[in-house]
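J.: Here is how the chains run, residue by residue.
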Amino acid sequence: MKENPLLLFGYSDACFHIAEQLKAKGWPLVIADNDLLRVKQAQKDGFSAIALDYTQDEALCQAGVGQHVDCIFCLFEHDSENVFLTISARALAPELKIVAITESQEAEHKLRIAGADHIINPYTMSGRRIAELMRKPEVVDVLDHTLYGRYEINMTQIEITEACTLSQKCLSDIDLKKDFNLILLGIVGAEREDSFIFSVQSTHHRLTPGDTLVIIGMPNAIELFKDYLNMPPSHVHTS
Amino acid sequence: MNIVHVPVLKACYFLHNAKIYSRIKKTVYAILADPESRWRKPVDGGLSLLVIASVFFLIREVKQPLNGHFPQHFETFTVTVFIVEYLLRFWLHSSVHNTIIKQYEKAAQLNTPFRLRRAIQEVLKEKWRYITSPLSIIDLLAILPTYRPIRLLRIFMLFRLFKLFRYTRGINQFANILAEKRFELYILGIFFTFIVVSAATAIYLFEAQQPSSDIQSYFDAIYWALITLTTVGYGDIVPHSPEGRVVTIALIVSGIGVIAFATSIFVSAFSEKMQRLQHERIFQGISRLSDYTLICGYGRMGHTILEELSTSRQGVVIIDTDNTVIEKARQRGYLAITGDASNSHLLEQLNLAQKAKTVLCITENDINNVYITLTARSLSQDVHIISRANETASIKKLYLAGADHVVTPNQDMALVAAEYVGQPVAFEAIYSILSGQDELVIDAIKLFENSAFDGIELNAIDFKHHQLILFGVIQTETDSADEQYYFELTRSHFIFNPHDRFTLRGNDVMIVFGHQDNIAHFRKQARRLK
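If you're matching them up, the sequences are chains A and B in order.
To convert, note that position 150 of the first sequence is 150 in this note's numbering; the numbers rise steadily by one, no gaps.
To convert, note that position 36 of the second sequence is 36 in this note's numbering; the numbers rise steadily by one, no gaps.
Calculated directly from the structure, the hints in this document are not laboratory data.
Take the hints with a grain of salt, since some may be wrong.
[What the hints assert, rightly or not] If you want the footprint, here are the derived chain B segments under chain A, 3+ residues with CB under 8 Å:
#, region
1, 447 to 453
2, 509 to 517
[Claimed, not checked] Here are the computed lysine-lysine pairs in the BS3-like style, where the Cα-Cα straight-line distance is at most 25 Å:
#, chain 1, residue 1, chain 2, residue 2
3, B, 530, B, 446
4, B, 355, A, 136
5, A, 25, B, 396
6, B, 26, B, 41
7, B, 127, B, 106
8, B, 127, B, 10
9, B, 446, B, 357
10, B, 464, B, 530
11, B, 41, B, 273
12, B, 396, A, 136
13, A, 177, B, 446
14, B, 464, A, 177
15, A, 23, B, 396
16, B, 464, A, 169
17, B, 26, B, 355
18, B, 125, A, 136
19, B, 357, B, 328
20, A, 136, B, 273
21, B, 125, B, 26
22, B, 328, A, 136
23, B, 464, A, 178
24, A, 178, A, 25
25, A, 136, B, 10
Where a beta carbon is used, it is the ideal one built from N, C-alpha and C, also for glycine.
This is chain A alone, in the form it adopts within the complex (with noise of 0.2 Å):
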C-alpha cells in the first residue's frame, strides 16, 4: 500500500462511500472541502478532513497536488466544480490521475476535455448493472459474490521489468494456472499504445519491460506470482 494519501474533494453522499469503501482497502485517504460543515461532518464520520478552497492554486498545491498527492478524487456535487478543479489540477500537474463523477452525460464529455483520466456516473453504471442482470444474472451473482470489492478475488496488475524472470518470454510458455492456480486475463503492451491483448489471442506474444500483466486470483496465489517475479534469474526452475 501505498504511502501518499489519496485526495478527496468535496464530501458528498459520492464521497461518503468512495472513503468507506476506500478505507476498507486500507488507502490513506484525506478528504478536502470548501465549506466548513461539510468538513466537520466528514471529521465526525471517521475521516481526517481538511477545509481548503479549490479555487485556489496555492491552496491546492499546499495540500499537495503537484508534489506527494498522485491521485485525487473531483466528487462535488455540481458539474461546474468537479470541471473547475479538473482543470486546476491538471494544470498544476499533468502526471496526477484525476477520478471525478457525474450524473450527466454532457458533463462526462466536459470532464474528458478538462483532463480527467476516468469518470465514473453512477447512473449509467447502475444502468449497465440492471442490464447485465436481465441479460445475464449468473455472471453478475458471480462477479458479485468474487470479483467486487468485498469478496476473495482480486484483480490486479503486475508491471514487467527489466529484472523480471517473465522478460522476453513468450505468453504461451507461461502457465498461470498450473503452477500458480492465476488466470492472465491479457496484457496490456507497452508498445501498442497501452491496447488491451487479450491472452488466449496473442499467444506469440513476446513480453517486454513495461508491458502489464492484467491477473485474477486469490490474494495469497497473487503475493506468490509476485514473489517469484522478482526472484533472481538464476533461482528460477524453468517449467
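For chain A, the structure is supplied; the task is to place chain B on it using the hints.
T.: Relative to the frame of chain A, chain B by itself:
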C-alpha cells in the same frame, strides 16, 4: 317429461360437451369478433377493402353501365361474404343450447316443470336483441342494394359505408365521444331547432305572400334558415322585404352563437377524450405483447438500461408519474404510461402477473421503490424484481419487500472507484469487459443434461483453441468439497479456476471470457447433444 323434450335436451347437452363444436365457435369468434385476436387486423382490413371496392362499383354503375361479368361476379361474392358474416355473427351472438340448458337446470333446481316453449322464447329474445342492434341492422341493410330492381334500395349502399364502423376502431371511438356528450348535444339540438323553426316561421310569415319572393313553401323557409344559420349562405334564396332582412340579421347573429357553442362542445369532448384514447391505445399495444419488462421510473438510469438492452422497443413498458418524461419516452418509441406504479389496479390492468418478466423499480425515491416492489410482489410470485436503493438503509427493506436484486448506485460507484485506485490498467481492462462496451466480454454458458460436455473433464476441452478463458463453473450440487476455491452463491456455488481433472455436469454453468463470436460458437458446441 314431454316426448319432444328428451331429444332436444339431448342435442343441447351433446353440443355443450362437443369439443369440436366449441373449438369451431371459438375460432370463428377469434376471426370475427375478438378485439384482442391477431386476426383482427387482416380480417377487418380485408372486409373494409371489400366494402370500399363494392361501393366503388356501385357508384360507377350510376353513369356507366358496367361491362363484362366481373362486376357482377364481384357483387355476388361481396354479398355472399356479407351474408355469411351476418349469419355467423347471428350464430355467435348467443348460444342456443346453453340458453336451453340453463332454463332446464333452473327448472330442475326450482322443481318446476321444464317448458320448452319458455326456453325457445328466451332464445328468440336473445337473437332478436342481436337483430335489432344498430350494427346488425346496418349489416342487413348493406346486403339489400344487391336487389337491383328496386332503385330506391340503392341508397342503402350508404349502409355499406356504415359497415366500416365495425371494422375501424377510429370511427367507433369518434361515435363514442359523441355519445358521451349526449347531454350537451341534446341541448344544442333543442337550441338549434328552436332558432331554425322560429326564423323559418318569421320569414315565411313576412315573405311567403309576396309573389316575387324566393320563399314559396315552408320547406323553402326551413332550408333558407338552415343555410343562413350555419353561415353557409348560398345566396339562392334571399329576403326581399325589410322585415325579412331584419329576421336575417337576427338569424346571422344567433348563427354565430350556435356555431361557437357546437364547436366548443366538440373541442372539449375531443380534448378530454384524446388523452384517454392514447392511454387506451397504449394498453392495447401492451395487451398484444406476449411478455414485457416493466420499468417504473424513467430517469437517467432507465435511459441507460434501455440503451444497453438495445433490443427492439417492443417488450418494454414504462411507467412514470411525470408526464413530460413519459412524453419523451413515447417520442423515443416506447410504450409509456403516466401513472403511479404502486397502484395495484394499474399493475393488474397491465396483466403483470401473467405477462411481466421483469419489473425494475428505479425511481429516485426509496419509499416509492419499496412500495412498488411490494405491490408487484403481491401480484406475482414469479416475476423477477430488480430495485434501486438510493440509501444503504433501504437495501434490506427492498429485499424484505420481495426484490430479487437490489442495485445501489452510490455503493456500486464506490466499489468501482476503490478498484480503480492503484491498478488503473487492470481496472480499465476489466471494466470494459464487464460493461460490455468491447467485443471482449464475460458470459455464461449453460450446459444441459446429456449435452456434449456433460460428464467431461475440463482437460478434454481446448479452451485455447476456442480463444476463451474459463473463469469458473457454477454448480448446484455440493459434492466438490475437494475444490479449494469455491464461493457460496444464493442457490448454488461457484468454483473459481477449476483444475484440469474437474468434471463438468449436466446443469453446470461455465463463466468464460472471450470474444462474443467465439463465445457464441462455443456455446453451440456445448449444447450439442452427445
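J.: Are any of the numbered hints broken by this structure? If so, which, sorted upward?
T.: 1, 18, 20, 22, 24 and 25
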